[in-house]
Amino acid sequence: MRYSTKTQLLTGSAIVAAGFLFSPHAIAQDVTVAFSASELGATAYNPVAASNLNTATSLIYDRLVEQDADQSYHPHLATAWEETPDGMAWTFTLLDGVTFHDDTPFNAAAVQTWIASYAGTENEYLVEAIASVDVVDDLTVRFNMERPEPNLLYNLASAFMGVPSPTAYAELGEDFGVTAAVGTGPYELQSFEIGLETVLVRNEDYTWGSDLSENTGPGHIETFTFREIPDQSTAFLELRTGGIDLLLGVPTDFLAILEAEANIQIIQMPGTGISYMPINVTAPPFDDILVRQATGMAIDQDSIVAAVYGGVGAPARNFLISSLPEANVNPDLNVRYDPAKAGELLDEAGWAMGDDGVRVKDGKQLSVDLFTANSTEFTRLTQVVQAQLAEIGMEATITVFDSSTIRDEYRRNAHQLAVRAYDWNNSDILDWFFSGNRVGYPNVSMWEDEEGQRLNDIAMTESATAAERVANFTAYHEYVLSQHLFVPIYQPTQNIAFNGEAISVPDPVRGSRFRGQSFMDIQVTE
Amino acid sequence: MILRYTFQRLLMLIPVSFSISVVIFMIVYLLPGDPIDNLLRVGSSAEDRAELVARYGLDRSLVVQYFVWIGNMFQGEFGQAIVLRRPVADLIAQNLPYSLTLGGLAFLFSSTVGMALGTVSAIVRHPVLDRFMRGFILLGSTVPGFWLALLLILLFSVNLGWFPVSGAGGWQSLVLPVLTIGFGGVALVARVTRVALLDAQREDFVTLLHAKGLSSGTILFRHLMPHALLPVVTILALRIGWILGGAVTVEFVFGRPGLGSLLIRALGQRDYPVVQACLLMLALAVMLGTLIGDVAQASMDPRIREKKS
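So the protein lines, in turn, are chains A and B.
Oh and the first sequence: position 115 is 115 in the UniProt record's numbering, straight run, nothing missing.
Oh and the second sequence: position 59 is 59 in the UniProt record's numbering, straight run, nothing missing.
In short, the hints are calculated from the structure, not lab data.
We put the beta carbon where it would ideally sit given N, CA and C, even for glycine.
Be careful, since some hints might not be right.
[What the hints assert, rightly or not] Per the computed footprint, the stretches of chain B lying under chain A, defined by three or more beta-carbons under 8 Å from a beta-carbon of chain A, are:
| # | region |
| --- | --- |
| 1 | 46-55 |
| 2 | 151-158 |
| 3 | 265-275 |
[To be verified] One-sided excerpt, in silico: chain B residues whose CB lies under 8 Å from chain A:
| # | residue |
| --- | --- |
| 4 | Asp37 |
| 5 | Val42 |
| 6 | Ser261 |
[Stated by the list, open to error] With beta-carbon atoms standing in for the labels, derived distance ranges:
| # | chain 1 | residue 1 | chain 2 | residue 2 | range |
| --- | --- | --- | --- | --- | --- |
| 7 | A | Ala414 | B | Val22 | 28 to 38 Å |
| 8 | A | Asp402 | B | Leu198 | 41 to 51 Å |
| 9 | A | Asn144 | B | Ser45 | 17 to 27 Å |
| 10 | A | Gly354 | B | Val16 | 56 to 66 Å |
| 11 | A | Val135 | B | Pro87 | 34 to 44 Å |
Can you build the whole structure from these sequences, using the hints too?
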């Protein structure tokens, strides 16, 4: 009995001692993060050659410029830049005193080698407008352009334009980004197991954070462990039990459950895409513009935001996210719910309301196909859209495909309506989805139009400056809206959840996405 | 004799492997969609697409593509993943150890515990135990893996805090996934063992052994078990294929890498070289399992090798 008591006492003391050893103060500087479902499966931290990069990339590599939530550009490795009036040359002044993780210097020669390394890769499109790079002096570099590229800053702020060490890049070849990843960023790659986890350790020499972070360096946290957890339920349980501290990309469906947890806090930031319903203009009855216009007026975006998304996010009124200047179109062209007007338009188009609530023309019912891809969120949204279309007398039959198969269906011109989404915070998305050169997919609306293509070409290739580009894309956007090629539905938010008892996270978040600049300001809760 | 039988069975694998390779190759190409869509970016033109199609040799005829592929396979060259942009061999090498560890442990768990439970339930004829076993077997055969996984996480990780919720660090992270996968296997093996033993107990030679005065233990382990093991070995051999690819949902829920997860991801992106290599490996594992099962059966029962050879 005495022995047993002693053992219990010893065990108890050991547990208490271990408790102190592993108290928040002892493990305080390690933060574990789960990637969002959309960024799982990266196979290399190689901005030049990879097809898929995750958030950890933005901590290993810095970019020349950064983009804020309002889509404005901010200096980072480039402290200033100047574009010639004809747009044929850009001069960048580089930040002094920056070194890569391998202690080689970041300078004009490094930028020249880095830009050249895109040649022949599938990410070459990012720099294809750059004809050559001149080293003006150690900290000044000039890009000579093939053609004006007012979108250059957008490309430079992309995760795919993080600057790697030219020395390490040449030495490691195909293994760059897998066995080692060397940039100038606030964290260095310690280990990377594809599909499992990435461990980053603080770059103690880092003092060159951008003005999007309060802390310009070194980072507050010693180690960030990024984990790949494909199942959202598991990720939520990890957050709840303290297995992870931060969960990126929380689906809107999960917000209510997470909010009910005492230790979990949520940050919402504006999204970078919209959900919408493209209309196939070649498939009757949608070859009639009146039917297309009526279809747009049948969708009640406000009630969808409230009912499907619990009031989180915003209704979409046109094709671009609200923070882009090209989204400020003539308000009359924005798509709004008006079932009465929709009814009138269908009457005018010859579709009379039948006894069974489905409209009829020439003995044919207004029955259409409504395609979507197989995800819970899409399926739910599509069902609501189906119900709203029924209100104006349009009977829609839903078919669900996997994401690869549905693209083949678009190319076969087998569709009429579809519910889908995109994620892209630049107005050139209009060219991607509406250019006559890509009919089928991505131009799901199957729209070929002479005037449309003319406006597209002007916006894409004839804008010399950023201001001109905004004006040209706005004109193209307005023309696209006037043709009723799609129905905008919803602008989602980006949701981040974290354990408020373990860490503090900057709010509001600067930057277009929650990445490097926000991680610099994460701190352990005292 | 057994060597000759094994050699014959190995020879038979050659035409089977060839047929399987054709089927795998064709199935992947018959699927709608292609990997190139996953490589295109906002701004890519039709010419970019054509260039990518040519770069990966997807513009060549299917026959040419097949022979290039099978030729590379013979040289152990799995090629380069189109979307994942890594050598396929590297991707498989990274995922295989996780699958082998999880699948192997689950196999061991289900075979040992399953046989033990099946034997106990066949020997101890108690109505309560009998009902419990039947209930357990029914549950084990019908409970979906992902649901059981979440249930185990809730109980052992969230409420009791004994094991981590997910991940692949250390033995602790293996316990719940092994239990989840093993549960179905335990039920299956237990059921087969139980039925086989009960059947064997009714044979005339058992009555004779009892009449000769042998103890129940000797009869069970020396005479009944070898007799009853034949169907159990068949079932276990067929499950060898599952070691590599049967844990997809469990890998998903527990956030573990593995061949199954790699296959599913590659399939979603139509990353042909990865899908083909993974399917081929799974098919080979199933064939190998069947071969092991056949050889084991033949070595245990001379009638089989005589009949088949």
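Cross-check of the supplied hints:
Residues of the region 46-55 of chain B with a Cβ under 8 Å from some Cβ of chain A number 3, which satisfies the need for three, so the listed coverage holds. With a cut-off of 8 Å between beta carbons, the region 151-158 of chain B has 4 residues touching chain A; three or more are needed, and the interface restraint holds. Here's how the region 265-275 of chain B fares: 4 of its residues keep a CB closer than 8 Å to some CB of chain A, so the rule of at least three is met and the hint holds. At about 5 Å, the closest approach between the beta carbon of aspartate 37(B) and any beta carbon in chain A falls short of 8 Å, and the interface hint on this residue holds.
Because the smallest distance between the Cβ of valine 42(B) and any Cβ of chain A comes to about 5 Å, under 8 Å, the interface hint for this residue holds. The restraint placing serine 261(B) at the interface with chain A holds, with a minimum CB-CB distance near 7 Å, inside the 8 Å limit. Distance hint check: the CB atoms of alanine 414(A) and valine 22(B) are about 29 Å apart, consistent with the given range 28 to 38 Å. For aspartate 402(A) paired with leucine 198(B), a C-beta distance near 46 Å keeps the hint of 41 to 51 Å intact.
Checked against the hint of 17 to 27 Å, the C-beta distance between asparagine 144(A) and serine 45(B) comes to roughly 23 Å, which is consistent with it. Our hint of 56 to 66 Å for glycine 354(A) and valine 16(B) holds, since their Cβ atoms are close to 59 Å apart. Taken as a hint, the range 34 to 44 Å holds for the pair valine 135(A) and proline 87(B), whose Cβ atoms sit roughly 35 Å apart.
Violated hints for the displayed structure: none, as all numbered hints are satisfied.
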